[in-house]
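Asker: If you follow the hints, you should be able to join the two separate chains into one complex; please do so.
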Amino acid sequence: MSGHNESILREPLITGNDITYAKITDDILSPVENKPNKAWWIGFIVSALGALLWVVAVSYTFWNGIGAWGLNKTVGWAWDITGFVWWVGIGHAGTLISAVLLLFRQNWRNSINRSAEAMTIFAVICAATYVVSHMGRPWLAYWVLPLPNQFGSLWVNFNSPLVWDMFAISTYFSVSLLFWYTGLLPDIATIRDRAVGTRRKIYSIFSFGWNGSVKTWQRFEAVSLILAGISTPLVLSVHTIVSMDFATSVIPGWHTTIFPPYFVAGAIFSGFAMVLTLLLVARKVLGLENYITMFHIESMNKIIILTGSIVGVAYLTEFFIAWYSGSEYEQYAFINRSTGPYWWSYWMMMTCNVISPQLLWFKKIRLSIKATWILSIVVNVGMWFERFVIIVTSLHRDYIPSSWAMFYPTWVDISVFVGSIGLFFTLFLLFLRVLPSIAIAEVKIILKSASEQAKKKIIAEGSEKKEYVDEYVESLEKFDSVKQEEYAKI
Amino acid sequence: MSNIKYILGSFGDPDELMHGIEKLQENNISIYDVYTPMPIHGIEAKLGIKRSRIDIAAFCFGITGTCAAFALIYFCAVIDWKVNIGGKPSFALPDFIPIMFELTVLFCAFGMVLSYYASTHLFPGRAPRVMDLRATDDRFVIAVDAKENAEHTVIDGLLKGAGALEVKYNERKYISYE
Numbered sequence: 001m002s003g004h005n006e007s008i009l010r011e012p013l014i015t016g017n018d019i020t021y022a023k024i025t026d027d028i029l030s031p032v033e034n035k036p037n038k039a040w041w042i043g044f045i046v047s048a049l050g051a052l053l054w055v056v057a058v059s060y061t062f063w064n065g066i067g068a069w070g071l072n073k074t075v076g077w078a079w080d081i082t083g084f085v086w087w088v089g090i091g092h093a094g095t096l097i098s099a100v101l102l103l104f105r106q107n108w109r110n111s112i113n114r115s116a117e118a119m120t121i122f123a124v125i126c127a128a129t130y131v132v133s134h135m136g137r138p139w140l141a142y143w144v145l146p147l148p149n150q151f152g153s154l155w156v157n158f159n160s161p162l163v164w165d166m167f168a169i170s171t172y173f174s175v176s177l178l179f180w181y182t183g184l185l186p187d188i189a190t191i192r193d194r195a196v197g198t199r200r201k202i203y204s205i206f207s208f209g210w211n212g213s214v215k216t217w218q219r220f221e222a223v224s225l226i227l228a229g230i231s232t233p234l235v236l237s238v239h240t241i242v243s244m245d246f247a248t249s250v251i252p253g254w255h256t257t258i259f260p261p262y263f264v265a266g267a268i269f270s271g272f273a274m275v276l277t278l279l280l281v282a283r284k285v286l287g288l289e290n291y292i293t294m295f296h297i298e299s300m301n302k303i304i305i306l307t308g309s310i311v312g313v314a315y316l317t318e319f320f321i322a323w324y325s326g327s328e329y330e331q332y333a334f335i336n337r338s339t340g341p342y343w344w345s346y347w348m349m350m351t352c353n354v355i356s357p358q359l360l361w362f363k364k365i366r367l368s369i370k371a372t373w374i375l376s377i378v379v380n381v382g383m384w385f386e387r388f389v390i391i392v393t394s395l396h397r398d399y400i401p402s403s404w405a406m407f408y409p410t411w412v413d414i415s416v417f418v419g420s421i422g423l424f425f426t427l428f429l430l431f432l433r434v435l436p437s438i439a440i441a442e443v444k445i446i447l448k449s450a451s452e453q454a455k456k457k458i459i460a461e462g463s464e465k466k467e468y469v470d471e472y473v474e475s476l477e478k479f480d481s482v483k484q485e486e487y488a489k490i
Numbered sequence: 001m002s003n004i005k006y007i008l009g010s011f012g013d014p015d016e017l018m019h020g021i022e023k024l025q026e027n028n029i030s031i032y033d034v035y036t037p038m039p040i041h042g043i044e045a046k047l048g049i050k051r052s053r054i055d056i057a058a059f060c061f062g063i064t065g066t067c068a069a070f071a072l073i074y075f076c077a078v079i080d081w082k083v084n085i086g087g088k089p090s091f092a093l094p095d096f097i098p099i100m101f102e103l104t105v106l107f108c109a110f111g112m113v114l115s116y117y118a119s120t121h122l123f124p125g126r127a128p129r130v131m132d133l134r135a136t137d138d139r140f141v142i143a144v145d146a147k148e149n150a151e152h153t154v155i156d157g158l159l160k161g162a163g164a165l166e167v168k169y170n171e172r173k174y175i176s177y178e
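As they're listed, the protein sequences go chains A and B.
Counting from 1, position 104 in the first sequence corresponds to residue 104 in our numbering; the numbering is continuous, with no gaps.
Counting from 1, position 162 in the second sequence corresponds to residue 162 in our numbering; the numbering is continuous, with no gaps.
Bound-form chain B, shown alone (with noise of 0.2 angstroms):
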């Protein structure tokens, strides 16, 4: 049994992963990570998982693109180059603002999509860190680190307890992809 390094609780439902999930707390054991097929409202908070702060990224990121947008507008047409059209003032705000407006979207949405990848760990080529092919099927995955809770039948029969289907050793920590 040494050379195990993740159990892994393999639940054909959500609600009972979610039951498996309280289970192996009440007993203490500390869940690696879960893995499923979709979003599960009201897991992070059973997990303890932090709210995600991508918002203010994306606020910071939708603000710089608003003062981006009105300095190239402001110097261009401002400071470097006035065009006199009929006489009209060069410092037009109105006018800057589909640009801006624009620019604001574009920057906030790259800059927190791609904060999101860099957090995530999401880039083209990266080897799928995958415990279960069927977690991105129809299997919902709590893995367990099996070396910090050592007591596997224990682990094994909560989980079976709770409704998984299956319950596998994993002598990698990732079977994939190699």
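In isolation and in its complexed conformation, chain A is listed as follows (with noise of 0.2 angstroms):
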């Protein structure tokens, strides 16, 4: 029931006086029901270029072919798939959120999970146009799908882990799609019934006619977990299968048995890291800060510090073993990671995924808006490099030296990777225009239960042990939106 009170020891998660589930309404739908301020605009046009920047490169690619990358016949394989990589390792978080805290009953999620789902939706948009556009033939993409043989050739392979990603990889988007739409419905609804005129209609189709009775709402929860169930191997599916694309060939420094973990930990890190990039702004520009607390942002962060450690081992890892394996093509990979002529792209990695991110050991570092999301961009960087490491760098020296060459990328390298950023933000911008970036309805079933101003009103009262208050009060201290003085006149 929705009316039981949880521990005060508990940090609330809904801060805040006067919260009512009319401002909870609010309070979510106010930039969906107004019109858009100057920040929104300044950062909708930019990304808007970048996306620009993005159709021009991409169409560009298609024209000309993959040649205008800067690709040559030892390194196959570049910028195009460390960005696929990165994209689908920042979507992971999306899931995770949604779907593993689901599972795990963290009822933090709630006020994340919507907007985070989004961000994987868009993020896998991007790594779809990677992988379509690396093909070189585009037009020719369905031939990935096990069709009928009538062009004289065979089926796919269905050995080769790269048919496997596909069906992977479309598996995770509509999935992901379905998981993260079948839960707007309500909140999509809420709008609705709020709207006027022509916004009413559009909302109307968009709704599917909910209403919220009793029989949709107990289907909603039975379909929300059962979803969760399936999407929380699909997402570890997902990455294992990608790091399989690399670790089932023969290449040193690719064909570990460590990589699906390290790959899955590593999407977890950075998409947390992104997820808290955006939210930190969003939060702030939107005026979501009773419902996106400083406990939100310290778990979100503990989570980073706990991936980034993994993925440090990982790394750590792989390079003994690459000693103690004995052999010499493994070890020498290893080496020349470290000390050949992309050295700075391996410390870069290193310097991003594994030490700073252990900065946030420190509480003080942990809380603070500013360094997290500094960090959350200095993750996000040390992933891309981590991706380029793994592949350029295992490339780039063959088994024959008189084939060792260097990458250098072209402007439609780099106009393809900004662009995707461009295109990232426009969508997730938009997002925030057109639809509620907080799950209403889920944020309203905690609000009785893990808000600050139901747990004030238990201290009020006054059954609660003096120590549990002192510890709780405490605990607040962290939260920017919480005034510790109310609590001294208790």
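Hints listed in this document are in silico derivations from the structure and should not be mistaken for laboratory results.
Among the hints, a few may not be true.
[Said to hold, decoys possible] Covered stretches of chain A (chain B as the covering partner; in silico rule of three or more C-beta atoms under 8 angstroms from a C-beta of chain B):
{"hint": "1", "segment": "50 to 57"}
{"hint": "2", "segment": "206 to 217"}
{"hint": "3", "segment": "266 to 278"}
{"hint": "4", "segment": "438 to 446"}
Model, not experiment: these values are computed from the prediction.
Backbone N, C-alpha and C define an ideal beta-carbon position, used for all residues, glycine too.
Answerer: Spelled out as structure tokens, the structure:
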């Protein structure tokens, strides 16, 4: 039941004093129901220019072929697959938040899942465009499907991880979209019932006629839980299969069994960093400090320390195993990574992914919005370099020294990458305008149990032990949206 | 009073709503439906709604996906066109597993969600059957069929007594979207 009280030892998930159901709706829908402010327009114009650059660069690639990129016969994969893996990895946090945290009943996910899922979808769109454009002849992209054998050749090779990847990514994208949209239905209905005229008509179509009756909600919850249950292994499988694109080849530096867990941890790591990059800004600009609290930020930072450390251990293990294998080629691949011509990218990766996230052990840094925001960007830079290091440094010095080469990106490579960031932000900013950035219904569920005002009421009743109250009030110090003075009075 | 079709008790708090349901049930007044802006746990037991069988459907769809994937791969790689890869067996089951898993998830998710949409009559463009516009915002609404339950003043009293902020008498079943 919604009315039960949660222990006051847990930090509140919604802060503020006069939060009502109506206020939650008003607060969350204010960016959707009002005209955008200047900050939004500036962000949107800059992102849209980026997206335009992306259109130009991708069209150029389609027209001229992938010779437009800086690839050569030694380095046959570079920024394209780097960008692909980077975006897919970023996408993973959304599913993790919406699915895994739902299974673990982490209620703090309720106010960040919606935008994280949106981020997943946009990130996978960016990733998918890399896959399509790196095919060289994208109009034949449907050849990756197992089509009837009418071309006089073979079926697709079901033993190939690239074919698995096609199934994995398309399943991941469509299931994420379904999960996200089904979760959106009640919130779209909320917008619909408050809107008038054409807006009402449009939202009415997209709300699928949602009315919030008991049966609808009961089945909705069952569906959400099962979707979470199947999305959890799905998200793990997707990055596992992405890592198998590399791990099943016999290239030194790629051919390792550590890849699946290492890639999955890296994906969660970069995904949470991107969630923080987006939400720290969105929370401020949209005024959602009461719903995305310092507790949420700290929790995400803790996940970043954990996954960042897993990634760090994986780097060291990889290095150790290369030495321990006794294989000359494996050993050279790693010596070359850290001291060869691409040493700077290796150390960039090490610094950004392993060393700097350790700063989050300090509570002060973990609770500083500025520091967190900068670190979240540092992590994403580091994760991009990780993929670059894995891909390019493993390829650029192959078995014949005469074919050793370096990779130099062309303007097209750079534009596709920079443009994909523009595309991502364009989609995200549009999302903030037309759909609620926080799952309204899910936040309402926790209002009576896990909000600051509910806990304050319990304290005011005076039946809680004093040391509990003191500990709770102390834990509130980190919140930038809580006024400590009010507790002094009680 | 004869034109009234539905009596709506509009509550501001889910616990008061639950209280309202109890009160009505104690007085043998049948409840047509309840509309809330968020899921309320325990309400389905109170209203005697059976457990959803969507999980069984999900399992069936999932297992169909597994079988479909296996059948497709087996047909392509083992029956129709064997590829000789270093003399290894073409029936390489471990290699089939990733796609079998993905299609299990795909079939399960789409089958389940589409059956959910079908069973609750959700589809794009469907006219919303809404009795109270605030039921998706901040009100928890109990709808009582006014034709089946004739004692309107009793219902009114019970709802207000349980904490209803407002009691509405709707002359049309659905107020919105014409």
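Asker: Are the hints correct? Go through all of them and say.
Answerer: Structure-based check of all given hints:
no. : hint       : result
1   : 50 to 57   : violated (count 0)
2   : 206 to 217 : holds (count 12)
3   : 266 to 278 : violated (count 0)
4   : 438 to 446 : holds (count 5)
Of the numbered hints stated above, those contradicted by the structure are hints 1, 3, listed in ascending order.
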